[in-house]
Every structure is written in structure tokens, then in C-alpha cells.
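Please construct the entire structure, taking both the sequences and the accompanying hints into account.
If you read the sequences in order, they're chains A and B. Just so it is clear: in the first sequence, position 256 is 256 by this note's numbering, and no numbers are missing. Counting from 1 along the second sequence, just add 1000 to a position and that's the residue number in this note's numbering.
Just so you know, the hints here were simulated from the structure itself, not pulled from any lab data. In this text the structure is predicted, and so the values were computed from the model without any measurement. Any given hint might turn out to be false.
With a Cα cut of at most 20 Å, we get these calculated DMTMM-like pairs of lysine to aspartate or glutamate [said to hold, decoys possible]:
| id | chain 1 | residue 1 | chain 2 | residue 2 |
| --- | --- | --- | --- | --- |
| 1 | A | Lys109 | B | Asp1200 |
| 2 | A | Lys151 | B | Glu1191 |
| 3 | A | Lys151 | A | Asp131 |
| 4 | B | Lys1130 | B | Glu1228 |
| 5 | A | Lys109 | A | Asp131 |
| 6 | A | Lys151 | A | Glu125 |
| 7 | A | Lys149 | B | Asp1200 |
| 8 | A | Lys151 | A | Glu187 |
| 9 | A | Lys29 | A | Glu170 |
| 10 | A | Lys31 | A | Glu172 |
| 11 | A | Lys31 | A | Glu238 |
| 12 | A | Lys194 | A | Glu135 |
| 13 | A | Lys149 | B | Glu1191 |
| 14 | A | Lys149 | B | Asp1190 |
| 15 | A | Lys31 | A | Glu193 |
| 16 | A | Lys149 | A | Asp93 |
| 17 | A | Lys151 | B | Asp1296 |
| 18 | A | Lys109 | A | Glu125 |
| 19 | A | Lys151 | B | Asp1190 |
| 20 | B | Lys1130 | B | Glu1233 |
| 21 | A | Lys31 | A | Glu170 |
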Amino acid sequence: MTALLSVQELTKLFGGVAAVDRVSFALPKGKLTGLIGPNGSGKSTMINLISGLHSPTRGTVQFKGQDITSLPPHRIACLGIARTFQLLRLFGDLSAFENVLIGAHLRGKHGFAAACGGPLLTGAEERRLHDLAREALEFVGLGPRAGVKAKLLTSGEGRLLEIARAIVAEPELVLLDEPAAGLNSAETGVLAEKLLSLVERGKTLLLVDHHMSLVMNVVSSVIVLAGGRVLTIGTPQEVQADGRVIESYLGSGEIYRRHRAKREVSEH
Amino acid sequence: MAHRNTTLTLAAVAAAIVIPALSGNGYVIQVASLAAIGAMMAVSLGILYGHAGQLSFAHAAFYGIGAYTAVVLHTQRGLDFFLSLLAGAALAGLAAFVVGLPTLRLRGNYLAIATMALQLGISEVFVNAKITGGSVGIFGIVRPAVFGISLESPAAYYVLLALAAVLVFALAQFIVHSRPGRALAAVREDETAASVIGVDIIRYKVSIFTITAMIAGLAGGLFAYQLEYVSPESFNLDWSIAVLSMVIIGGKRSALGAVIGAVIVTIVTQLLFSMGELQFLVYGLWIILIMLFLPDGLVSIWRTSYRKVREAGS
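Take a look at the structure:
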């Protein structure tokens, strides 16, 4: 099993408080890994550190054997890491299609000089990028909504559009920050299906989620964070049986409730 | 449909070039010439402000750099006319690059503040430098002949201005609808989201600031030979703000809107000229009204009614 991305002793202090504290893990190539933990456990900070939006206080991030610690976000994107945002960051005034077309930025080459040549010079590349954008939009099922401004989409559609925009440039690794937040169960089902089909296409995914319904059904392994540290790493079954995980979730009550519900079902 | 639109557009452009040129009326040619120059400026600032979301108050300074450079090189040193215009554009671009590189690394409206300072500083240089002729300026500018055609008559020179405006308009459209143009829209909408998609935001912001300053420099060079005289008051903050008002009045997200704004502001400025300082009050008032009631500018009226007509038709 080769690691596509590995994180070593990663630490991020905000005003002296460690949001992420000496975290180490590796993401196996071609797998879907879950990153879970209660609110404030450092999940989003991890994603921000890997994608370059924060630079770590200590520690390193390696991608395909290359040190990418503290590279600016666009350089990290160039190497093949894409991400979505927990709080949607769509280009609100632009259509769904344009959002995805901009996402395909790294698949094009033309700069301002070529642009000044007009369609004669840029036509072929433009057609290629438009095709890519159309495919990605159809993949997430938003084909019929292509012309709608992003700010007018439902939150479920917005989540799917974030994913389309992240995958259109064919990144190797996609970091998904709570893609199921605010989705109903039918929408979550559709999302799970899309994620599995991305893995089938050879993508490596890191799925952040704090309610576990989605994670436990689709991932091959789970990293559990608590208080900025790695609590445990294991298969979904191992993690769900781990007493410490249950305990760390007691504050939010999520696993505890699931745990109790299961027990009640088996007792009847 | 698309075919008919193209034909209509070409016809409108041809009419805008030919009718003033053949009018034989000096005043009409003068106003049309100033409108064509204003259109280049407004289209340039429209891309920077409306499309890329970066506000510059130094467009008049870049315009002035282009004007003085062209005049010094062509009229005083005898360099080829077009090369002198290009040198003026290049120098304006260089000034923007030098100011933009440190400023555009910062997020927020620092460019507006830095360009305001640049504009005031450059205005001082224009007034005090020896090469610009100080507050008196430079007289004795004669319109050139290019490719054996004399541009000495205002009508002939207007044709050159109008063609330059069409070229600038086309470039603006090409840039906006290209890969780098989309990257700029992304920067305007959300810099963080743009950066994780792979857009090098600083590079794109500095590039578009430099390119639009070059367009302003070109317009300035052309202006010097329209007026046949350059002096500092043509290149001060008032002109930067007038261009900004063209963009806002016409529509900041549309090159066509910028042109409409340029034509209207140019004509109204001529009409209000006798009012002196009071014209700025009128300026301020209608900018406020437009921002309140037509945030997408006058061009949005046309768009809305066009859509209504189409919907009624279908």
C-alpha cells in the first residue's frame, strides 16, 4: 500500500492554542479515508493545512514524495490536490456551468497573450474545457441546472457543484470538507454513490464528516481526531467499537446515541 | 439570430465611425473623438474594476504617462508615431506593475488607496518636471501621417481613434471570455476559492492591472494628438473619477455598458461645461441615483427589455 499523501507531526497553533497537535497519518492511494471527530477537533484545520490555506506551525506534509508544506494554495492545486469547503464558497454571481468551467483552470494553458488573439487562437482549448465542464456537471447530476446562478441553487445542489468544481481538473486527491452537511438522507445517498464512483475511477479521497452516517458506509479506513490529536486510526468497525471514540463523542452525543439505538434494537 | 446580431453590430460600428467623420461639423467630430477616447478608458477600467474587482484611481496618471511619452518621443525626438504610442503604453504598464506588485499581494481595497496616492504623486510630477513642460505643458503637437495617409484633419484622426476604440473593445471581450478572464472573475468572486482551484491570484491581479494601465497609456497618447496640446490638468484625479463614473453609469460588468457610459458622460460633460464647478455636483448626484436604482448600469435597462421582448415573442 503506497501513501499518496503523508502528514508528519503536523501542528498548528492559533494564538498559542493547538488546533492541530502533532498529527501524523498517511492516505493510501486510490482509497476513501474518513476523517472524523467532534466539533473543534481540528478536522477543517487539517484540510486547510493540506490545501495550503494555513501554513503549519510545525511538521510536514508530503504529496507523492514531495514536500508541499507551506506551498501557496495554487501551487498545491497544481500538483493535483483539490478541495471543497464546508461553508460553500461558490462563485455566486456566476452560473453553475461557469463555476465548473473555472474549476477546469488547470487543464488549460492559455494566458493573456493568447486570449488577445481571440477565438481563432483559443477556440480549440475552449471547446475542450467546455466539454470537461459539461461532463463534470453531468457526473454530479447538475446538467439541467447548468445555466442557473450558483447563489440560486439549493444547498444540496451547491454541495454537488462544489464537488464538480473540485474534480473537473482531474486531481489525484480530493479533500471533502463535510460534503454531507445540510443534506437530507436521499441526497446523502446520492453523494455516497458519487464518492464511491470517484474511488472506482482511481481517485484518492479524504472525507471529513462529523456526523458519521455517511463516513461509516463508504470509507475503507477512518482517522479519528479529538482535541487536535489523532485518537485512533482503523477500519469503520474497529473505530465504532472503540470505547475512547465513543467517549470523545459523548459531548456531541452522536456516537453515543447511535450506540444506544443499536443496543436497543438488538435487545428487542 | 446570431448572424443578424453580428450584422447589426457591424452596421452600428460602421455608422459610429462614418457619420461623425463625414458630418463636416467640427464640434460633432470633437465630441465623438473625446467619446472614443473615453470609451477606451472606460472599457479598460471596466475590466479592472467591474470584471476583476480591483479599483484604480490612477487611470488618469497612466493616461498622462502615455500622452507625455508619445509626445516627447514622436513630436520632440522624431520617433515613429505608432512606436511612440506603444512606448507610452509600455511605460504606463511598467508604472502599474511597479505599484501593483507590492500592493496586490494584500487583500482588500489597498489598490484603491495606493493608486489614489500614485495619481496625486504623478500629477505633481507632471506639474513640476521639466520634460513635461511643467504647468504650461507642451504645445506645437502636429497630427502625423501614417502609411501615407495624413491624419491632420480632425475627421481623419477621428477614424483612427474610433478604430483604436473598436480594437480595445474587441480585446476586452476576448479577455473577459477567455481562461485568464474567467480566472479574474473567480478572483473577484472569492479569492480563497480561486486559489485552491489553482489560480495564482497575485499574478492575475498584477497582470490585469498592468494590461489595463497599458490601454490607458495608449488612450492618453492618442488623446495628446487629438488635442494637439498636453498639460497637467488633463491628467489629474478628476479624469480618473470621470472614467469611473462612465463605468458605473454604463454598467461595470459590460464592455458595451462602458462604451455607453463613455458616450453619455462625454456628451453631458460638454453640455454642462458652462456650469463650471457645479458640474461635479451633477456628476455626484447621478452616480448616486444610478447606484441606487440601476446597480448594473444603464446597459441593464436594455438587457431587461431585450429579455422581455424575447419572452413575449416566444
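Do the hints match the structure? See the list:
Restraint check for Lys109 (chain A) and Asp1200 (chain B): satisfied, since their Cα atoms lie roughly 13 Å apart, inside the 20 Å limit. Under the criterion of a C-alpha separation no larger than 20 Å, the hint pairing Lys151 (chain A) with Glu1191 (chain B) is consistent with the structure, at around 17 Å. Among the hinted pairs, Lys151 (chain A) with Asp131 (chain A) is inconsistent with the structure: their alpha-carbon atoms are about 23 Å apart, more than 20 Å. About 19 Å separates the Cα atoms of Lys1130 (chain B) and Glu1228 (chain B), which keeps this hinted pair within 20 Å; it holds.
Proximity of Lys109 (chain A) to Asp131 (chain A) is assessed by CA-CA distance (about 16 Å); at most 20 Å being required, the pair is judged to hold. Distance check on the hinted pair: Lys151 (chain A) and Glu125 (chain A) sit about 28 Å apart at the alpha-carbon level, beyond 20 Å; violated. The hinted pair formed by Lys149 (chain A) and Asp1200 (chain B) fails the criterion: a straight-line CA distance of about 24 Å is larger than 20 Å. Distance hint between Lys151 (chain A) and Glu187 (chain A) is fulfilled; the C-alpha atoms sit about 19 Å from each other, no more than 20 Å.
Our distance criterion of 20 Å between C-alpha atoms is met by Lys29 (chain A) and Glu170 (chain A), whose separation comes to about 15 Å. Under the criterion of a C-alpha separation no larger than 20 Å, the hint pairing Lys31 (chain A) with Glu172 (chain A) is consistent with the structure, at around 11 Å. Proposed proximity of Lys31 (chain A) and Glu238 (chain A) is supported: the alpha carbons are some 17 Å apart, at most 20 Å. For the given pair, Lys194 (chain A) sits about 14 Å from Glu135 (chain A) by alpha-carbon distance, which is consistent with the 20 Å threshold.
Distance hint between Lys149 (chain A) and Glu1191 (chain B) is fulfilled; the C-alpha atoms sit about 18 Å from each other, no more than 20 Å. For the hint pairing Lys149 (chain A) with Asp1190 (chain B), the CA-to-CA distance comes to about 15 Å; that is within 20 Å, so the pair holds. At most 20 Å may separate the alpha-carbon atoms for a hinted pair to count; Lys31 (chain A) and Glu193 (chain A) meet this at roughly 14 Å. Using a Cα cut-off of 20 Å, the hinted pair Lys149 (chain A) and Asp93 (chain A) holds, with the two alpha carbons roughly 6 Å apart.
About 17 Å separates the Cα atoms of Lys151 (chain A) and Asp1296 (chain B), which keeps this hinted pair within 20 Å; it holds. At most 20 Å may separate the alpha-carbon atoms for a hinted pair to count; Lys109 (chain A) and Glu125 (chain A) meet this at roughly 8 Å. Taken as a hint, the Lys151 (chain A) and Asp1190 (chain B) pair is honoured in the structure, with Cα atoms around 13 Å apart against an allowance of 20 Å. Restraint check for Lys1130 (chain B) and Glu1233 (chain B): the C-alpha separation of about 16 Å stays at or below 20 Å, so the hint holds.
At most 20 Å may separate the alpha-carbon atoms for a hinted pair to count; Lys31 (chain A) and Glu170 (chain A) meet this at roughly 16 Å.
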